[in-house]
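Engineer: From first to last, the protein sequence lines are chains C and S.
Position 195, counted from 1, in the first sequence is what my numbering calls 195; the numbers after and before it change by one each time, with no gaps.
Position 94, counted from 1, in the second sequence is what my numbering calls 94; the numbers after and before it change by one each time, with no gaps.
Quick caveat, the hints were computed from the structure, so don't treat them as lab data.
Since the model is a prediction, treat every value here as computed from it, not as a measurement.
Warning: the hint list may mix true and false statements.
[What the hints assert, rightly or not] Derived pair list, reagent style SDA-like, types lysine to any residue, alpha-carbon separation capped at 20 Å:
{"hint": "1", "chain 1": "S", "residue 1": "Lys72", "chain 2": "C", "residue 2": "Lys170"}
{"hint": "2", "chain 1": "C", "residue 1": "Lys5", "chain 2": "S", "residue 2": "Pro81"}
{"hint": "3", "chain 1": "C", "residue 1": "Lys292", "chain 2": "S", "residue 2": "Pro81"}
{"hint": "4", "chain 1": "S", "residue 1": "Lys72", "chain 2": "C", "residue 2": "Lys302"}
{"hint": "5", "chain 1": "C", "residue 1": "Lys108", "chain 2": "C", "residue 2": "Val387"}
{"hint": "6", "chain 1": "S", "residue 1": "Lys21", "chain 2": "C", "residue 2": "Ile87"}
{"hint": "7", "chain 1": "C", "residue 1": "Lys170", "chain 2": "S", "residue 2": "Lys21"}
{"hint": "8", "chain 1": "C", "residue 1": "Lys10", "chain 2": "C", "residue 2": "Gly189"}
{"hint": "9", "chain 1": "C", "residue 1": "Lys5", "chain 2": "S", "residue 2": "Glu60"}
{"hint": "10", "chain 1": "S", "residue 1": "Lys24", "chain 2": "C", "residue 2": "Tyr85"}
{"hint": "11", "chain 1": "C", "residue 1": "Lys296", "chain 2": "S", "residue 2": "Val84"}
{"hint": "12", "chain 1": "C", "residue 1": "Lys31", "chain 2": "C", "residue 2": "Glu81"}
{"hint": "13", "chain 1": "S", "residue 1": "Lys24", "chain 2": "C", "residue 2": "Gly84"}
{"hint": "14", "chain 1": "S", "residue 1": "Lys63", "chain 2": "C", "residue 2": "Met1"}
{"hint": "15", "chain 1": "S", "residue 1": "Lys63", "chain 2": "C", "residue 2": "Thr179"}
{"hint": "16", "chain 1": "C", "residue 1": "Lys296", "chain 2": "S", "residue 2": "Val87"}
{"hint": "17", "chain 1": "C", "residue 1": "Lys302", "chain 2": "S", "residue 2": "Gly83"}
{"hint": "18", "chain 1": "C", "residue 1": "Lys302", "chain 2": "S", "residue 2": "Pro79"}
{"hint": "19", "chain 1": "S", "residue 1": "Lys63", "chain 2": "C", "residue 2": "Arg2"}
{"hint": "20", "chain 1": "S", "residue 1": "Lys21", "chain 2": "C", "residue 2": "Met1"}
{"hint": "21", "chain 1": "S", "residue 1": "Lys72", "chain 2": "C", "residue 2": "Arg41"}
{"hint": "22", "chain 1": "S", "residue 1": "Lys21", "chain 2": "C", "residue 2": "Tyr85"}
[Unchecked claim] Incomplete in silico selection of chain S near chain C, CB under 10 Å:
{"hint": "23", "residue": "Glu25"}
{"hint": "24", "residue": "Glu31"}
{"hint": "25", "residue": "Arg35"}
{"hint": "26", "residue": "Trp65"}
{"hint": "27", "residue": "Ile68"}
{"hint": "28", "residue": "Pro79"}
{"hint": "29", "residue": "Pro81"}
{"hint": "30", "residue": "Ser86"}
Note that beta-carbon positions come from the ideal geometry of N, C-alpha and C, so glycine has one too.
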Amino acid sequence: MRRPKELPNKVDVAIVGGGICGCSIAYNLAKKGLKVALFERSYLASGATGRCGGGIRQQWSTKENILLAMGSVRIFEKLSEELGYDIEYFQGGYLVIAHTEEEVKQFKKNVELQRSLGLDVKYLEASEINNVVDVLDVEAIGALGATWCPTDGHADPARTTFAYARAASKLGALIYTYTEVKGFELSNGRIAKVKTALGDVSCDWVVNAAGAYATEVAKWVEVELPVEPYRHEILATEPLDPLFTPMVISFHDNVYFRQTRRGEVVGGWGNPHEPAGYNLESSLLFVKRFTKLLTKYVPRFKGVCVVRQWAGLYAVTPDARPILGPVEKVPNFIQVTGFSGHGFMVAPKVAEILANYIASGVEDPLMKELNLKRFEEGRIVREASVVG
Amino acid sequence: MKDKVVVICRCEEVTEEEIVKAIKEGYDTIEELKRVLRIGMGPCQGRTCLRLVARILRRETGKSWSEIDFPKVRPPIRPVPAGVFSVEEAEGASEQS
Chain C
1 MRRPKELPNK
11 VDVAIVGGGI
21 CGCSIAYNLA
31 KKGLKVALFE
41 RSYLASGATG
51 RCGGGIRQQW
61 STKENILLAM
71 GSVRIFEKLS
81 EELGYDIEYF
91 QGGYLVIAHT
101 EEEVKQFKKN
111 VELQRSLGLD
121 VKYLEASEIN
131 NVVDVLDVEA
141 IGALGATWCP
151 TDGHADPART
161 TFAYARAASK
171 LGALIYTYTE
181 VKGFELSNGR
191 IAKVKTALGD
201 VSCDWVVNAA
211 GAYATEVAKW
221 VEVELPVEPY
231 RHEILATEPL
241 DPLFTPMVIS
251 FHDNVYFRQT
261 RRGEVVGGWG
271 NPHEPAGYNL
281 ESSLLFVKRF
291 TKLLTKYVPR
301 FKGVCVVRQW
311 AGLYAVTPDA
321 RPILGPVEKV
331 PNFIQVTGFS
341 GHGFMVAPKV
351 AEILANYIAS
361 GVEDPLMKEL
371 NLKRFEEGRI
381 VREASVVG
Chain S
1 MKDKVVVICR
11 CEEVTEEEIV
21 KAIKEGYDTI
31 EELKRVLRIG
41 MGPCQGRTCL
51 RLVARILRRE
61 TGKSWSEIDF
71 PKVRPPIRPV
81 PAGVFSVEEA
91 EGASEQS
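For reference, chain C alone in the conformation it holds in the complex (with noise of 0.2 Å):
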């Protein structure tokens, strides 16, 4: 996948972003037939895509995430073969602790909205837990119950975007790492123009997929997104034998962690405090945290060597769910961020929708339901399962 050298007048679609967002839509548009030029200020997945945990879960509390969430799973369960990359897919399963009586009401609740949408998904009682990972210390972490979904799993992050990005090339995108956006010109009310290191290139549509840099990226039009940076920090260990399988997950603690299938345990902890910015620093308050967490859900891993440790940023909505689709002042200007830290799960999905809209005019209901408009129209339900 060859950097191209020159710039076209003229392209259908101009994506700014090169994350998980911006390669998904360029193949789906790519694969429409579309003409499309992709900017990336840096390489592809630098920013909060490489970044993440690489987790895919389908349980979530409010009905469009978990639709979002199943329609990407059966399009991650094709992925490696329909783009010829190897993404490491692997399907091990969530396991979400519950540890007070108002997280297993909650979970309970849960559980029962994801049935209704066609999820395979149980609660399992504290004594059922180790049944699915038998290395975690349940009494140590005072585990009340769980729920388990043995259809969610993981993937690796950046070779998934690489994917998308090759396929996208060998359909004709244009993916031009290493290149900034500067500006857009606006003409009649929408972006006529996309301004970028290389040169001036016309569009009839801009994908703004910038991640949490989105809101500096709409302020050159003056559209005003409701995101902000919040750092969150991880780690990954030394590669082990295999020993479980699912990402284990803790809304409680504010912790996650999986094994790898290459066996390293990668894992992160929110901190609760973090103030909003774009800071990307590495932190020992983190380190230590996290590895106490580690070691209380695992006992064993206190002798597992911590390799390496990093941080990405989450663009954090209001709701902590996604701004997909259009904008009403400039109607050929696509959002897609805001996904609050579960932006590579639900992506494949998100592609194929705001692909369609932008193909074929195709307004899906769940590009609807999470537009921008709703923080004006006041139609916000808050997601609840989220590692903040």
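Given chain C, put chain S in place with the hints provided.
Structural biologist: Okay, now just chain S, sitting in the frame of chain C:
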């Protein structure tokens, strides 16, 4: 000599041949090679291999040293057992010493 396998990244067992192939596919920065091949992501965190990778990259692309981006060094630099970090926190060592 022709059939000799040259391992560049020992932690992740990546050969020179694989690196050259990836560069030819268009992954011509260390950051991209790291994500495609996992060079520098193992226990040594690139201390052994990244300079060698940079040399191969120069040879294959004609880039100058200043055009080669070395990835950020991630803490804790050398592998440290999880129990070392968690114990200090649990016993409040900094307050007692």
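Engineer: Run every hint past the structure and note whether it holds.
Structural biologist: Structure-based check of all given hints:
1. S:Lys72 / C:Lys170: Violated, at roughly 31 Å.
2. C:Lys5 / S:Pro81: Violated, at roughly 47 Å.
3. C:Lys292 / S:Pro81: Holds - the C-alpha atoms of Pro81 of chain S and Lys292 of chain C are around 12 Å apart, at most 20 Å.
4. S:Lys72 / C:Lys302: 27 Å, violated
5. C:Lys108 / C:Val387: 18 Å, holds
6. S:Lys21 / C:Ile87: 19 Å, holds
7. C:Lys170 / S:Lys21: Roughly 18 Å between the alpha carbons, so the hint for Lys170 of chain C and Lys21 of chain S holds.
8. C:Lys10 / C:Gly189: The hint holds at about 18 Å.
9. C:Lys5 / S:Glu60: 18 Å, holds
10. S:Lys24 / C:Tyr85: 17 Å, holds
11. C:Lys296 / S:Val84: 14 Å, holds
12. C:Lys31 / C:Glu81: 15 Å, holds
13. S:Lys24 / C:Gly84: Roughly 18 Å separates the two Cα atoms, so the pair holds.
14. S:Lys63 / C:Met1: Between Lys63 of chain S and Met1 of chain C the Cα gap is close to 18 Å, so the pair holds against 20 Å.
15. S:Lys63 / C:Thr179: 18 Å, holds
16. C:Lys296 / S:Val87: With Cα atoms ~11 Å apart, Lys296 of chain C and Val87 of chain S stay inside 20 Å; holds.
17. C:Lys302 / S:Gly83: 4 Å, holds
18. C:Lys302 / S:Pro79: Answer holds: Lys302 of chain C to Pro79 of chain S is near 13 Å, not above 20 Å.
19. S:Lys63 / C:Arg2: Given pair Lys63 of chain S, Arg2 of chain C holds - Cα atoms ~16 Å apart, limit 20 Å.
20. S:Lys21 / C:Met1: Holds, at about 12 Å.
21. S:Lys72 / C:Arg41: 17 Å, holds
22. S:Lys21 / C:Tyr85: The given pair, whose Cα atoms are some 15 Å apart, holds under the 20 Å limit.
23. Glu25: 6 Å, holds
24. Glu31: Given a least distance of 5 Å, the restraint on Glu31 of chain S holds.
25. Arg35: 4 Å, holds
26. Trp65: 18 Å, violated
27. Ile68: Interface hint status for Ile68 of chain S: violated (13 Å vs cutoff 10 Å).
28. Pro79: Check passed: Cβ of Pro79 of chain S comes within 4 Å of chain C, closer than 10 Å.
29. Pro81: 5 Å, holds
30. Ser86: This interface hint holds because 4 Å falls under the 10 Å limit.
Comparing the model with each numbered hint stated earlier shows that hints 1, 2, 4, 26, 27 do not hold.
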